[in-house]
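Visitor: Between the sequences and the hints, there should be enough to build the whole structure, so can you do that?
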Amino acid sequence: MASYLARRLLLMLPTLVGITFLVFMLVALSPGGIGAGLRFAGGQMEASKRAQQEAYLEDRYGLDDPAVVQYARWLGRISPIKIGPSDLVAPDGETIRPPRETKPPPMWAWFAPKLPSPAAAVRAEGVAPADRASAYRRAAADYATVRAASIAANAVLQQALAEYARSIGRPDAVSPKGKIRASRLASQTPDRSSPAWPAAERAANAALAAYAAASDARARLRAAFDAGPYPKSGVAILPGVRLAWPDLGVSFSRGRPVLDLIGRALPVTLLLNLLAFPIIYLIAIPSGMLAATRRGSWFDAASGALFVALWSIPTVWAGVLAIGFLANDQYLGLFPVTGLHDPAAQAATFLPSTHNGRWQPGYLLDTLWHLALPVSCLVYGGFAVLAKQTRAAMLDNFNADYVRTAKAKGVAGRDIVIHHVFRNSLLPLITMFVTVFPATLAGSVVIESVFSIPGMGSLILDAINLRDRELILANTLMVAAVNLLALLLADVLYALADPRVSYA
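With my numbering applied, the sequence shown corresponds to residues 2 to 505, in that order.
Calculated from the structure, these hints are not laboratory results. There's no promise every hint is true.
Unchecked claim - Derived DSS-like pairs (lysine-lysine); straight-line CA-CA distance at most 25 Å:
| id | residue 1 | residue 2 |
| --- | --- | --- |
| 1 | Lys104 | Lys180 |
| 2 | Lys104 | Lys115 |
| 3 | Lys180 | Lys233 |
| 4 | Lys115 | Lys180 |
From a predicted model like this one, the values you see are computed outputs, not experimental measurements.
Guide: Written as structure tokens, this is what we have:
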């Protein structure tokens, strides 16, 4: 069993890589590409401002690199094995990487004999660690400012060069996004008589000056980084190789670490599913057992019809009806409409209590009251599948030879049902576990949206709408890992439920 589990765990790694790669490429190759919701968030923005915003986003998140390169970079971040220069870890847990190179202006060789060289930076050895940290923060802020200015100047130069290319009859040197294709003009001598050349020259001079300032600021930031203002991440296992915690990156749309966003939303979704999943099994399995032992009875027919009818109701429709009738004050008004807590519950005691002679439900009961409708909408769809599967598996085992032998020996009917028939019917139920659990997680996305619950559902939907690469990939990785671990758990449960199953 141990060798089998090790093989399965190793096979999960290429499976996760394949799943995340497919999702990444689907997002990257979709219309607008990664971060499309952010690229066009400015509405009716003038062309130059829009170009500068897009250039800034592309530089900040590496969106101007090929999709395969972007995926490889993301894969390197989430890998626990880090190769190359060590990252630093700030006191708040943020991962700090070495400063990136500043991109030179496009077609700079037309306007200058060489690129400006960065000024020599002052080394920070011998400085107290606290002073190193403050020096690094100042250098990082300065570099962010001048780098943004350099990116904006390059975007203006791109537009000026595109106008120049069109004026000399070379529209083929301009990409559909309005950027200059430097490879098609690199071998050509610039036509300084073009009416668009003066504007391009002015833009180039501004871009070269901004590049020089950014290069100087980067040199100072690199010196502050090399001084070690914060501890290095991970543990060194080989020269140039460290073992560190995976870095899920920073969300495009929210500007916060993905791990923090998931850390806030995941407990809410887990709470919903940890309440819903046991309810499904505690109702469906006994109902299926009773229907199998009383085959053809009114309970068998009624429970089967009820569960199939419930399974036929769409989850989103059930949620809307529950809000419209059970939570709406114009009708029953028995439940809250949205959220997980009443605003006053934050100041209340955890358990029910009395205050000034008035009974207060407390934080726990208030939470359960808010979760009653969402959990009900999550569980009803799982009854039919699991109850029907339990009934079918037990009816199949009721006709087995070992059951007839047990009856002939005078074994009590209760013992036959529980110790013989039900135990041998566990394998199909374990298989159903692998399908019901992911389905419940998927259903919680819809329910959280309907009931405005701040869980993984709203996080995933926002990430999809904005094509937030980091959030989408983190959620994909997590859901895929949960499904693969559920499959592995099912294999282990097979071996525990049936001694005939062996993985030796």
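Visitor: Hints first: check each against the structure and report whether it holds.
Guide: Do the hints match the structure? See the list:
1. Lys104 <-> Lys180: holds, 15 Å
2. Lys104 <-> Lys115: Distance of about 14 Å is within 25 Å: holds.
3. Lys180 <-> Lys233: Outside the cut-off at roughly 39 Å; violated.
4. Lys115 <-> Lys180: Judged against 25 Å, a Cα distance of about 23 Å means the pair holds.
In summary, the one numbered hint that this structure violates is 3.
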